[in-house]
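J.: Here are the chains, one letter per residue:
There are 4 protein chains.
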Amino acid sequence: MSGLIDFRSDNVATVSPDIMRAIAAANDGTAAAYGDDGISRELNRRLSALFETEVSVFPVATGTAANALGLAALARPWGGIYCHEQAHIHTAEGGATEAYTHGTKLIPLPGINYRLAPETLRTALARVDHGSRNRPQPDAVSITQASEWGTVYRLDEIAAIGDIARNNKIRFHMDGARFANALARLGCTPADMTWRRGVDILSFGATKNGAMSADAIVLFDQTLVEPLSYRLRAAGQTWSKMRFAAAQLMAYVENDLYVHLAGTSNALATRLAQGLNQIAGVSLAAPVEANLLFVNLPQPAIKALAAAGVLFRQRDETIIRLVTRFDGTEAEVDQLLDRVRGVMRGVHA
Amino acid sequence: MSGLIDFRSDNVATVSPDIMRAIAAANDGTAAAYGDDGISRELNRRLSALFETEVSVFPVATGTAANALGLAALARPWGGIYCHEQAHIHTAEGGATEAYTHGTKLIPLPGINYRLAPETLRTALARVDHGSRNRPQPDAVSITQASEWGTVYRLDEIAAIGDIARNNKIRFHMDGARFANALARLGCTPADMTWRRGVDILSFGATKNGAMSADAIVLFDQTLVEPLSYRLRAAGQTWSKMRFAAAQLMAYVENDLYVHLAGTSNALATRLAQGLNQIAGVSLAAPVEANLLFVNLPQPAIKALAAAGVLFRQRDETIIRLVTRFDGTEAEVDQLLDRVRGVMRGVHA
Amino acid sequence: MSGLIDFRSDNVATVSPDIMRAIAAANDGTAAAYGDDGISRELNRRLSALFETEVSVFPVATGTAANALGLAALARPWGGIYCHEQAHIHTAEGGATEAYTHGTKLIPLPGINYRLAPETLRTALARVDHGSRNRPQPDAVSITQASEWGTVYRLDEIAAIGDIARNNKIRFHMDGARFANALARLGCTPADMTWRRGVDILSFGATKNGAMSADAIVLFDQTLVEPLSYRLRAAGQTWSKMRFAAAQLMAYVENDLYVHLAGTSNALATRLAQGLNQIAGVSLAAPVEANLLFVNLPQPAIKALAAAGVLFRQRDETIIRLVTRFDGTEAEVDQLLDRVRGVMRGVHA
Amino acid sequence: MSGLIDFRSDNVATVSPDIMRAIAAANDGTAAAYGDDGISRELNRRLSALFETEVSVFPVATGTAANALGLAALARPWGGIYCHEQAHIHTAEGGATEAYTHGTKLIPLPGINYRLAPETLRTALARVDHGSRNRPQPDAVSITQASEWGTVYRLDEIAAIGDIARNNKIRFHMDGARFANALARLGCTPADMTWRRGVDILSFGATKNGAMSADAIVLFDQTLVEPLSYRLRAAGQTWSKMRFAAAQLMAYVENDLYVHLAGTSNALATRLAQGLNQIAGVSLAAPVEANLLFVNLPQPAIKALAAAGVLFRQRDETIIRLVTRFDGTEAEVDQLLDRVRGVMRGVHA
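Residue numbers (my numbering), protein chains in the order written: chain A, -10 to 338; chain B, -10 to 338; chain C, -10 to 338; chain D, -10 to 338.
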């Protein structure tokens, strides 16, 4: 057992060679700045085709920018945004949404396996004190697909949330930091997982799945184009050489590359889950539906695993997070399983 | 006379091949996210060596982000930031500084050739109503080097502004969107143009001069590290795959690449200025000290020039802006001069 | 049974005659604006004597302004403020704290009877990911004394929270919208209930207890004077004719008027609680320690009580809130008890 | 020559006895909070009658709150608000508008005697780069009536600005801190000076002209009611005992009290101006059209006048500001003239 193997996160991954080639190819002569170039313009058409409806696409530097600025474009300072209590926007983005919205309240709701049940949202909205100047007025619901716990909303769940949003005249935001992993899992089209189920605005994650430095905000609701574009500019999120971000995103969806990359990491996660399930004393803390695994391990095993050269994130005293990547290999997964078996033998010895 | 020639801006340029190679080389296995990787850490050491003092470096997506977040890290909501009335932060960044600072006032001052004279700043600061809750309290002065008019502050001017800042206990910010062009012009060291003259914080521009998607905030004042790093995170400006931005900046300064690239565009600007000066009816509206040229032309000549396939920005009815680039050529400049001569003949005919 | 009797809130009360006289007396010739007048200056001295330490006092228009601007003066945009999950600042002030702080996160914690247990705070702070740019960094704890549920923190509880705050280098804020009611209940000095137990900043409520249009921010921590005073000005909370607010607050504390007024409303609450406890089918949902009563009633009784001319707030389907006031009377309380008995007879008939 | 005489400002004035009586009369039993009481509701009807159109009225604590929150209700974060370069909102309100709008830019324009000429506004709007994400997009124009220099816009000037606003689809805001002084000067109706000339939103000043602690935002454009009311709540500007503010404003307009009070201070200003004009070596720096006088005096005379017990504000080295008040007297004015004559004799001796 030797050598580091890395299951820390999908954001430690490399850039997909296809995307690297697209970046290099975009470096061809001068081009208009700030998104007026040919590639950036083509990106709108390309994603409109992909999503089977007219969309407006805004590349941004990070998923946090995508979420916070997308939400800021639709929220009122006195508004409320409903989300799961473990949503990344609420727990792990440095207060970006609060900072960009200037007062909009994130309203955390409980939910099994980090998924917001439609009924929970419906109940929360039914209790709203509409028109009260004292309390946040509903503006949006945000779900993370796939969730931060590696679980995936089913299409009927998304549709149910979309219905509630429409009935309550609020917007529906999807944090798709791992959009492709969810899509690969469900085997549906991008349209089926978004606007056909009521989604108005999507953070279309790419960086965790093979891109270099670009995620995108995809608007199905064109009334958000104006507020969003001004907010992006004032946020310093409008690249002058936008074509290099657009090129990444073009390559990302070309021939469904993004689905294939996510399929790889999902398959590695499944392989890893199956292997872990066969090790005595090890159990999965959450369903494995994308590329994230949360694993119950005895504390000594966790220490031993780190000592054995496995890189991972510790979640709490007895749970670790393992993440598979598009650029990972079955050999790595098998090596990890070997090391887990090794440390568990040590624990039980 | 045929074919488009492009003098619109330096942000329409390509990426330097050296920087493209560095990006490709950085794509080598997994690496810690958010700047904990080896290249990002090395960047701090590398720029500390370059600047001959300990600096902290934060790559960001755009020059606007560099300026606005750098200023937000030092400004109080009731503060005032003195700048030239034509400074980019005041006139052309979509209100980014106001948005990120939540109320800090930009205080525009006049100045010949877009340069803020030390005396003008001194007079403005002498008039401050210190302690008044009604009026902005001085927090910083910001200068653009090279300026938006293509002019360059001399070292003694920077020093004088630095002295005034120190005497007034305010910070000194330099918007270095075209830092390298100014440096190449002055032929001094980066240290000489910055902290040795009192600069506390620098927007270290790279994108206009050969980088792809990264500028950097360089802190000489380490007390700004904490507020800046939190603000960057909440702004969605902290890339997960930070190494690709760091790699750009590493290559940018390697063997003084940035000075050489800027030297090329400066030399092309000088060649163009000399050529224009010899054409009857054409005159320069501003000194040419970097890579920007502002040129007085008769209105019919401006129209004719556009019709002749020259891409440029019109400033007002009789002034156009021409920008030379690191990836431009003498042939292009000469071609442009030919076309200008052509349209001027037409005008006078 | 006839005539409306009003138990809606203490903010429907009149102004104490003593305070009205003080307002009238302040209307005597010209006086410097913005707090430079004699009465406003005296206010600082008067409250310093009352609190037995040097304090700085800032009258503001509302309790919401006191809380939100006080907290904004101490919070960083990336900070977190710990409070009870039912704290007024979190649930009922229209997002004022979020709006004024530009991103500071309120971190709600559970607690019996709307009181934050020291142990709960300690545990929450022990889990903080210090230095993480992703998560709020602790800035303050805020408690409401008396609480929104009519309960009162004991001195040892306040001291324990103060110790935790000091040990964690965060500030301690007290929302004293009903400060006097708590003080009257505990029978201690203002100093004992605040800075001697670690409180750094107090929202000193007056409007609910006999003032007309002024609450005050009382600073025990003088380093907050500068940021607070600038923020108040930019918030439009600095009255030009400040003396009329100062005069209200001077009269409010003269001869312990505020304690006497609160003593009256507390005594009425006790009388009401005792009466309610003797009515079959009626029970108190919370301990009655100040002037708020939360009462369990059958739904039909709630409707009947409203029909019988009693003004109150309904909390949920079977709980109503009754509030006694400094200007209430025993006769009113007895009349209310009569009506409750009447409706309960009707329910059981 | 003895005794202080006070010409510092109209905000050092007393409260009109009529308004004091109304406050006392409002202290009659319990009343609903937050503006749901009878007096507050009547206020809307009363001002609708006064303005001869339906208006919505929001009492606030200060003129700064009225301006900044009124403008925040209509402005976009990427918007621009045109105003005179000496407008109070731009120079003397502690950045309140910038703080409440989160980035909206105040765009200062020059103008003789602190009045914004319609032509200047038209020219500025004609130069706007519409749709540019880099530059502020026009949202509003704001004028101060009477101006900070004591001058008054004529009705045709207001109408011309109103036309420009309508043609450019921006809103028209009037800072009426001294609304009554302008009205008394012009001798027109409130409707004539506001919505009939295109004004959409008015800061209706009362405190400088006899009220105690309340100004008001008057909306002619009802679409602003919702955003404004939420913003007021989050700003801590919604008094619980709103009736005491409403009562002040009701009394303020009853029998045109406000016009009579302003008429008094205007007349005193005229008397003072006439007297000053007859003193050799003294001249008026601005037309006297309301209750503000700006007076050129030799520096030694300024010092002597202060030594002689006259309270005033020094504007610059040789200009002082004198303000007359509704509660001032002709005797005081004559006494002031005596002292000015005295010091001028001293200067020339």
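Among the hints, erroneous ones may be present.
No copy labels: a pair is met if it fits in one copy or bridges any two.
The calculated DMTMM-like cross-link candidates involving lysine to aspartate or glutamate, where the alpha carbons are at most 25 Å apart (straight line), are [as the list claims (entries may be wrong)]: (1) Lys158 - Asp17; (2) Lys158 - Glu215; (3) Lys292 - Glu108; (4) Lys292 - Asp118; (5) Lys292 - Asp25; (6) Lys158 - Asp7; (7) Lys158 - Asp245; (8) Lys158 - Glu108; (9) Lys158 - Asp327; (10) Lys292 - Glu31; (11) Lys292 - Glu146; (12) Lys158 - Asp(-5); (13) Lys292 - Glu137.
Hints are computed from structural coordinates only; laboratory data are not their basis.
J.: Look at each hint and say if it fits the structure.
T.: Status of each hint after checking the structure:
| no. | hint | result |
| --- | --- | --- |
| 1 | Lys158 - Asp17 | neither (46 Å within a copy, 43 Å between copies) |
| 2 | Lys158 - Glu215 | both (20 Å within a copy, 17 Å between copies) |
| 3 | Lys292 - Glu108 | neither (40 Å within a copy, 29 Å between copies) |
| 4 | Lys292 - Asp118 | between (50 Å within a copy, 20 Å between copies) |
| 5 | Lys292 - Asp25 | between (52 Å within a copy, 22 Å between copies) |
| 6 | Lys158 - Asp7 | neither (41 Å within a copy, 48 Å between copies) |
| 7 | Lys158 - Asp245 | neither (34 Å within a copy, 45 Å between copies) |
| 8 | Lys158 - Glu108 | within (17 Å within a copy, 41 Å between copies) |
| 9 | Lys158 - Asp327 | neither (52 Å within a copy, 46 Å between copies) |
| 10 | Lys292 - Glu31 | neither (50 Å within a copy, 29 Å between copies) |
| 11 | Lys292 - Glu146 | neither (39 Å within a copy, 39 Å between copies) |
| 12 | Lys158 - Asp(-5) | neither (44 Å within a copy, 37 Å between copies) |
| 13 | Lys292 - Glu137 | within (24 Å within a copy, 46 Å between copies) |
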